[in-house]
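K.L.:
Given next are the chains, with one letter for each unit.
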Amino acid sequence: MRRYFFGLLLIQLLIPTLSAQEWIVPADKKGKLSTFPFNDETRKAGEKLYSINCMSCHGTPGKANYLPLVPPPGDPATEKIQKNNDGEIFYKVSVGRGQMPSFRSVLTSNEIWNVVSFLRSFNTAYKQQVMPVITSSAYPGAVIGLLVSFNPADSTIILKASATSEKSSVPVADAEVKLLVKRTFGMLPVDEPQTTDKEGLATFRVPADLKGDTAGMVLVSARFTDEDVFGSAGKDTLLNAGQKVTPVSLVAQRAMWNNVRKAPVWIILAYGLGVLIAWGFILLVLMKLRDIYLVGEIVSSDKKE
Amino acid sequence: MSKKDKEKSSEDPKIDEILESSRRDFLKKVGIVGAASVAGAAAIYSGYRYEHAKSDGESVKVLTEDNRLVLIPKDQMKDYKPDPKRLLLRGRDGIKGKKWVMIIDLSKCRNARKCVNACQGAHHLRPYEYHINTLQMQESVNTPAYHMPKPCQHCDNPPCVSVCPVDATFKRQDGIVLIDNERCIGCRFCMAACPYSARMFHWQEPLAAEADKGKEYDIELNVPQKKGTISKCLFSADRLREGALPYCVSACPNGVFYFGDENENAVTNGTTKETVNLKELLEKNGAYRLMAELGTKPRVYYLPPKNRIFDFEKGEEQEYKELT
Ligand code: SF4
Ligand code: SF4
Ligand code: SF4
Numbered sequence: 001m002r003r004y005f006f007g008l009l010l011i012q013l014l015i016p017t018l019s020a021q022e023w024i025v026p027a028d029k030k031g032k033l034s035t036f037p038f039n040d041e042t043r044k045a046g047e048k049l050y051s052i053n054c055m056s057c058h059g060t061p062g063k064a065n066y067l068p069l070v071p072p073p074g075d076p077a078t079e080k081i082q083k084n085n086d087g088e089i090f091y092k093v094s095v096g097r098g099q100m101p102s103f104r105s106v107l108t109s110n111e112i113w114n115v116v117s118f119l120r121s122f123n124t125a126y127k128q129q130v131m132p133v134i135t136s137s138a139y140p141g142a143v144i145g146l147l148v149s150f151n152p153a154d155s156t157i158i159l160k161a162s163a164t165s166e167k168s169s170v171p172v173a174d175a176e177v178k179l180l181v182k183r184t185f186g187m188l189p190v191d192e193p194q195t196t197d198k199e200g201l202a203t204f205r206v207p208a209d210l211k212g213d214t215a216g217m218v219l220v221s222a223r224f225t226d227e228d229v230f231g232s233a234g235k236d237t238l239l240n241a242g243q244k245v246t247p248v249s250l251v252a253q254r255a256m257w258n259n260v261r262k263a264p265v266w267i268i269l270a271y272g273l274g275v276l277i278a279w280g281f282i283l284l285v286l287m288k289l290r291d292i293y294l295v296g297e298i299v300s301s302d303k304k305e
Numbered sequence: 306m307s308k309k310d311k312e313k314s315s316e317d318p319k320i321d322e323i324l325e326s327s328r329r330d331f332l333k334k335v336g337i338v339g340a341a342s343v344a345g346a347a348a349i350y351s352g353y354r355y356e357h358a359k360s361d362g363e364s365v366k367v368l369t370e371d372n373r374l375v376l377i378p379k380d381q382m383k384d385y386k387p388d389p390k391r392l393l394l395r396g397r398d399g400i401k402g403k404k405w406v407m408i409i410d411l412s413k414c415r416n417a418r419k420c421v422n423a424c425q426g427a428h429h430l431r432p433y434e435y436h437i438n439t440l441q442m443q444e445s446v447n448t449p450a451y452h453m454p455k456p457c458q459h460c461d462n463p464p465c466v467s468v469c470p471v472d473a474t475f476k477r478q479d480g481i482v483l484i485d486n487e488r489c490i491g492c493r494f495c496m497a498a499c500p501y502s503a504r505m506f507h508w509q510e511p512l513a514a515e516a517d518k519g520k521e522y523d524i525e526l527n528v529p530q531k532k533g534t535i536s537k538c539l540f541s542a543d544r545l546r547e548g549a550l551p552y553c554v555s556a557c558p559n560g561v562f563y564f565g566d567e568n569e570n571a572v573t574n575g576t577t578k579e580t581v582n583l584k585e586l587l588e589k590n591g592a593y594r595l596m597a598e599l600g601t602k603p604r605v606y607y608l609p610p611k612n613r614i615f616d617f618e619k620g621e622e623q624e625y626k627e628l629t
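These protein sequence lines map, in sequence, to chains A and B. For the first sequence, my numbering gives the first residue as 1, with consecutive numbering after it. For the second sequence, my numbering gives the first residue as 306, with consecutive numbering after it.
So that you can see chain A by itself, here it is in the shape it has in the complex (with noise of 0.2 Å):
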């Protein structure tokens, strides 16, 4: 009795614990697709991209030559990965877990898809369904299109969103939308991301510390979160949002290790000085010798006469 109670606490125990290694996916992510199917083109950009970005960690699939981590990055060839279904790996590669990096930045959906199309080439039990081509109903045969515009007063940046067709213009509404700001070696999201309102309005905080060039500019990026649904249609504005800054130069001050024009000017007038004063000794000690030379010859014409 006593056995099977220990035994019933160790499973209690135990239970949470596995299910805390469980990485689970939202039941909305599980089911997504990818919009085209896969095929060698596919395989081949997925087995580059995967070379570049997973092989470091995963190794070669089907060699389970994968580092030695804890956890294990496991073998993308084995079952435990590929039971996994497409939107499951797409979920886990976006937005990684531990040390598993998220990719969502460094690759663009449709290379996702690609890295998963490489990966599914290792099963072969594997058939690709394919996302049914969303003709968004909503809006059909229109453009949609993003206008954004700061509002200097609350310092808020208002994003409109807009379905545009030959004859009229709808507001795209209940859009999950973006704003990201170009900096040199990315973009910097601005706010969280918002959803349009019934006027295809969404309006994001502006923070206090957003930095633009010297006269406050800054490149301001609009994007759909879906590209799925709303493509990647995007849009980059000039806006004068930022905060002026002036930059300074790091050699701009005098200072010790700066170069000769910018010593410090102590030290210029300190060695000056020096060298002033060393000279003053030498010219001194070449005009004593040049007075005994003077006395010998006085001394030595006395002698003669």
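Watch out, some of these pointers could steer you wrong.
Simulated crosslink set (DSBU-like; lysine-lysine; CA at most 35 Å straight-line) [unchecked claim]: (1) K584/B x K160/A; (2) K235/A x K48/A; (3) K30/A x K578/B.
With beta-carbon atoms standing in for the labels, derived distance ranges [said to hold, decoys possible]: (4) K198/A x L394/B: 55 to 63 Å; (5) Y433/B x S51/A: 24 to 32 Å; (6) F36/A x R395/B: 53 to 61 Å; (7) S502/B x G272/A: 30 to 38 Å; (8) G548/B x S168/A: 41 to 49 Å.
Hint data in this document are derived by calculation from the structure and do not stem from the laboratory. From the three backbone atoms N, C-alpha and C, an ideal C-beta is built for every residue, glycine too.
Starting from the known structure of chain A, arrange chain B with the ligands on it as the hints suggest.
P.N.:
Here is chain B with the ligands on its own, set in the frame of chain A:
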């Protein structure tokens, strides 16, 4: 127009007209190309030489800097000789308006040493010559050990530069501390002055001495390396000039490095390519700088090794595991 075009033109007067107008159009563009940069002129010249060998037409096809194939009349061609000092001059000057910073997240480093390898590959160093190295750190017996990648800190008050007697090592406006290997006399004062042991000395003939012979010296890459002089981390100044992240930053598989421009208050992770707010990153993680009490004002920040998701493994153990 090349010879081929001319042959075609005799067949059909209409095509002739189109070609003629496109040529005029093209001549207009020549004005723009004429004002293009020196590098553009280099491309033009090499294109000219290529075309010269191929045809005796009155115009030549030329590939411009922005990858457009254009036609240029031969009489407008000029020889171009690059200024031998240009690499040195721009290397001394630095990139205007930038203030580079590096952030190293110690909680993510698991000693993969990919940064070390990438750097050594780019700068033609031997496996035991380092611009960046991963160190095994442990503050006291009761605190856990961790790995610490350590490049040059690109100090804003660099003692190494103060002591150089010949102005061979210097700081630039964007914060990078570089070395001019052609000026360096190998006195090693700077090595002694650097509190971070960031500098290395070429005691022997550099690894790629043979292969790099005759190559133009790039001060932003320290290649070709030179025996009897100093080398150290350059913040990959050559990559920054192209708008790319440093070699070590993009090579890390674990998301340890962030790099960016302090003036923009944003840094980008080399692995995930996510761009984040610099101030927030430093504040939220309790960032610190190495031996800041010395007043060297490093441009490299560290995030403490908290919440680590793996155990410390010594380098040899890990290498052994990777091999087996
Ligand atoms: S070793 Fe070279 S760079 Fe260093 S202090 Fe001497 S001359 Fe300057
Ligand atoms: S870390 Fe050393 S070599 Fe680098 S700038 Fe500072 S003092 Fe100079
Ligand atoms: S920044 Fe460049 S030079 Fe410095 S350690 Fe990294 S790869 Fe090497």
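K.L.:
Taking the hints in turn, state whether each one holds.
P.N.:
Quick rundown of the hints versus the structure:
1. A hinted pair counts as satisfied when its Cα atoms are at most 35 Å apart, and K584/B with K160/A qualifies at roughly 30 Å.
2. The straight-line distance between the Cα atoms of K235/A and K48/A is roughly 30 Å, inside the 35 Å bound, and the hint therefore holds.
3. For a cut-off of 35 Å, the pair hint linking K30/A to K578/B stands: about 25 Å separates their Cα positions.
4. With their beta carbons about 59 Å apart, K198/A and L394/B fall inside the hinted range of 55 to 63 Å.
5. The hinted window of 24 to 32 Å between Y433/B and S51/A holds, with their beta carbons roughly 28 Å apart.
6. Separated by about 45 Å at the C-beta atoms, F36/A and R395/B break the suggested range of 53 to 61 Å.
7. Separated by about 36 Å at the C-beta atoms, S502/B and G272/A satisfy the suggested range of 30 to 38 Å.
8. Evaluation of the 41 to 49 Å hint for G548/B and S168/A yields a pass: the beta carbon distance comes to about 42 Å.
Of the hints listed earlier, the one the structure fails to meet is number 6.
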